[in-house]
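Q: In case you want the letters, here they are:
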Amino acid sequence: MTKQIIVPFGPQHPVLPEPIHLDLVLEDEKVVDVIPSIGYIHRGFEKLVEKREFTEYVFIAERTCGICSFIHGATYCQGIEQIMGIQVPERADYLRTIWSEYSRLHSHLLWLGLYADSFGFENLFMNAWRIRERILDVMEQTTGGRVIQGSCKVGGVRKDISNAKLAEMSRDLDSIRKEMEELTTVFLKDDTVIHRTRNVGVLSRQDAYHLGAVGPTARGSGVAIDLRKTGYAAYSELDFPVVTDSCGDCYSRCLVRCKELFTSVDIIQQAIAKIPDGPVDVKVTGAPNGEFFMRAEQPRGELVHYLKGNGTKFLVRSRIRTPTLTNIPPLVKMLQGCDLADVPVIVLSIDPCISCTER
Amino acid sequence: MKQEQTIIPIEVGRLIGSVEQFRNEGYRLAQIGCTKVGDNSFEINYSFDKDFVLQNLRITVTAETEVPSITGMYWGAFVYENEMHDLFGIQVKGINIDFKGTFIRTAIRYPFGVSVAKEEKK
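Here the protein sequences come in this chain order: D and C. FYI, in this note's numbering the residues of the first sequence are 1 to 359. FYI, in this note's numbering the residues of the second sequence are 1 to 122.
If you're looking for bench data, these hints aren't it; they were derived computationally from the structure. There may be inaccurate statements among the hints.
[Unchecked claim] Quick partial rundown of chain D residues pointing at chain C, CB under 10 Å, derived from the structure:
{"#": "1", "residue": "I35"}
{"#": "2", "residue": "S37"}
{"#": "3", "residue": "Y40"}
{"#": "4", "residue": "E46"}
{"#": "5", "residue": "Q82"}
{"#": "6", "residue": "V223"}
{"#": "7", "residue": "I225"}
{"#": "8", "residue": "L227"}
{"#": "9", "residue": "F293"}
{"#": "10", "residue": "Y306"}
{"#": "11", "residue": "T326"}
{"#": "12", "residue": "K333"}
{"#": "13", "residue": "E358"}
[Said to hold, decoys possible] In silico PhoX-like links for lysine-lysine, alpha-carbon gap of 25 Å or less:
{"#": "14", "chain 1": "C", "residue 1": "K93", "chain 2": "C", "residue 2": "K36"}
{"#": "15", "chain 1": "D", "residue 1": "K47", "chain 2": "C", "residue 2": "K36"}
{"#": "16", "chain 1": "C", "residue 1": "K2", "chain 2": "D", "residue 2": "K283"}
[What the hints assert, rightly or not] Beta-carbon label-pair distances, calculated as ranges:
{"#": "17", "chain 1": "D", "residue 1": "N123", "chain 2": "C", "residue 2": "R109", "range": "43 to 53 Å"}
{"#": "18", "chain 1": "D", "residue 1": "D23", "chain 2": "C", "residue 2": "F52", "range": "35 to 45 Å"}
{"#": "19", "chain 1": "C", "residue 1": "R14", "chain 2": "D", "residue 2": "D174", "range": "51 to 61 Å"}
{"#": "20", "chain 1": "D", "residue 1": "N199", "chain 2": "C", "residue 2": "S41", "range": "46 to 56 Å"}
{"#": "21", "chain 1": "D", "residue 1": "Q141", "chain 2": "C", "residue 2": "T102", "range": "37 to 47 Å"}
{"#": "22", "chain 1": "C", "residue 1": "R14", "chain 2": "D", "residue 2": "K229", "range": "30 to 40 Å"}
{"#": "23", "chain 1": "C", "residue 1": "S41", "chain 2": "D", "residue 2": "R130", "range": "50 to 60 Å"}
{"#": "24", "chain 1": "D", "residue 1": "E182", "chain 2": "C", "residue 2": "G17", "range": "49 to 59 Å"}
{"#": "25", "chain 1": "C", "residue 1": "T102", "chain 2": "D", "residue 2": "G66", "range": "22 to 32 Å"}
{"#": "26", "chain 1": "C", "residue 1": "T102", "chain 2": "D", "residue 2": "K189", "range": "43 to 53 Å"}
On a predicted model such as this, the values are computed, not experimentally measured, just so you know. Think of the CB as a built atom: it goes at the ideal place given N, C-alpha and C, for glycine as much as any other residue.
The whole structure should be built from the sequences, with the hints applied where relevant.
A: Next up, the structure:
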């Protein structure tokens with residue numbers, strides 16, 4: 001029997017933007033088992049809900065993640081609105097959808113850059129982030145914040161976007177689309193990239209489903225789960241496909257994200273074409289009394305905000321189940337049997353967001 | 001548009017059988033979450049999804065109750081069960097990967113649990 005050794009991977013590692021620790025059990029260069037461990041940056045956000053009024057907690061909810069912050073805030077607000085029976089104005093729903101898709105664009109572009117970095121393609125990394133800057137510029141122009149927007153509130157949104165600005169954004173997206181076409185062609189056609197990602201970290205459809213994979217990790221294995229299809233915000237009014245691929249390897253997960261960039265552009269342009277005029281918020285009175293599991297599609301997959309109120313201004317519980325937490329068991333499965341040299345690429349392929357996971 | 005969901009309260013003794021039924025019917029485990037509802041009382045919600053319909057099994061336990069692990073049916077449930085133990089002090093029996101309190105490292109032991117509730121009252 002080959003001697004087994006354990007190699008610690010993380011929490012500090014060049015490819016890890018955030019700390020996760022993996023004990024890799026190796027036989028020669030093959031990974032035979034993996035023990036994951038988190039807990040380096042637990043912040044106790046969920047506990048804060050007991051000390052902040054439900055209308056203020058949206059700012060905390062938004063800070064759960066520094067990448068998909070807007071979607072956290074919007075999901076929290078929609079959960080509270082469901083408990084309180086608040087109907088937000090249609091324009092607010094469209095604005096939430098537009099900002100959510102901009103968040104997805106910037107998150108996927110950020111990931112593509114980090115992914116290129118994980119296999120040593122620095123130029124590709126810089127190109128992905130150069131395009132991402134254009135997305136962040138729009139976020140800043142429309143909300144005032146590049147990463148933390150603060151534009152969502154219970155009952156609607158805090159800021160409107162003028163119709164002239166929306167038209168300008170739509171035109172801008174045409175040129176961004178062209179740049180993204182060039183970028184994604186390299187990710188999907190370049191021999192070097194294909195060599196490092198094809199048939200690496202394979203997750204079967206069955207494993208993806210039963211291990212609880214979500215987002216591009218699940219869709220890359222052919223599991224068509226996309227919570228946007230439940231029709232929250234303005235998604236029920238928009239036409240878009242659920243992008244899937246069937247190979248289940250790192251290439252498939254990359255392919256799904258690449259195609260989703262263009263889906264997001266389509267969704268934003270459709271939303272801009274359809275957005276109605278009108279108010280962007282309603283007055284909120286009273287306090288939430290009840291509970292709701294609000295689910296939304298983050299760039300990394302299904303997000304669950306469980307909210308429970310008792311009729312006071314302070315919620316009893318806010319439980320946030322982020323997509324990376326549920327993508328950890330599938331990651332363990334992907335790593336079993338891989339080469340040690342492929343571990344960074346496979347870990348990056350689930351787009352791990354550990355700050356989000358730890359809350 | 002309201003997302004469809006139901007909450008089904010059950011006894012702890014029926015947990016394994018009910019989860020097995022969901023597994024056999026092709027449901028995906030969406031999450032397991034714990035809520036403190038009294039000084040020594042916790043609600044645990046097991047959420048299962050199929051075709052965007054969320055079914056939640058709910059058990060109510062104390063910190064001393066031994067909750068059976070469902071990792072035999074849903075292997076990936078170990079992340080939630082270890083989390084419940086580390087944050088709330090819930091005793092989960094038979095987890096496939098049991099970190100024994102080291103999955104989520106916190107400065108205070110069981111920050112959402114009974115001991116913290118007592119400290120806060122003081």
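Q: All the hints need checking, so say for each whether the structure fits it.
A: Evaluated hints:
| no. | hint | verdict |
| --- | --- | --- |
| 1 | I35 | holds (7 Å) |
| 2 | S37 | holds (7 Å) |
| 3 | Y40 | holds (7 Å) |
| 4 | E46 | holds (8 Å) |
| 5 | Q82 | holds (7 Å) |
| 6 | V223 | holds (9 Å) |
| 7 | I225 | holds (8 Å) |
| 8 | L227 | holds (7 Å) |
| 9 | F293 | holds (5 Å) |
| 10 | Y306 | holds (5 Å) |
| 11 | T326 | holds (7 Å) |
| 12 | K333 | holds (9 Å) |
| 13 | E358 | holds (7 Å) |
| 14 | K93/C - K36/C | holds (20 Å) |
| 15 | K47/D - K36/C | holds (11 Å) |
| 16 | K2/C - K283/D | holds (20 Å) |
| 17 | N123/D - R109/C: 43 to 53 Å | holds (48 Å) |
| 18 | D23/D - F52/C: 35 to 45 Å | holds (36 Å) |
| 19 | R14/C - D174/D: 51 to 61 Å | holds (57 Å) |
| 20 | N199/D - S41/C: 46 to 56 Å | holds (50 Å) |
| 21 | Q141/D - T102/C: 37 to 47 Å | holds (45 Å) |
| 22 | R14/C - K229/D: 30 to 40 Å | holds (32 Å) |
| 23 | S41/C - R130/D: 50 to 60 Å | holds (54 Å) |
| 24 | E182/D - G17/C: 49 to 59 Å | holds (55 Å) |
| 25 | T102/C - G66/D: 22 to 32 Å | holds (26 Å) |
| 26 | T102/C - K189/D: 43 to 53 Å | holds (44 Å) |
The structure fails none of the hints (numbered hints given earlier).
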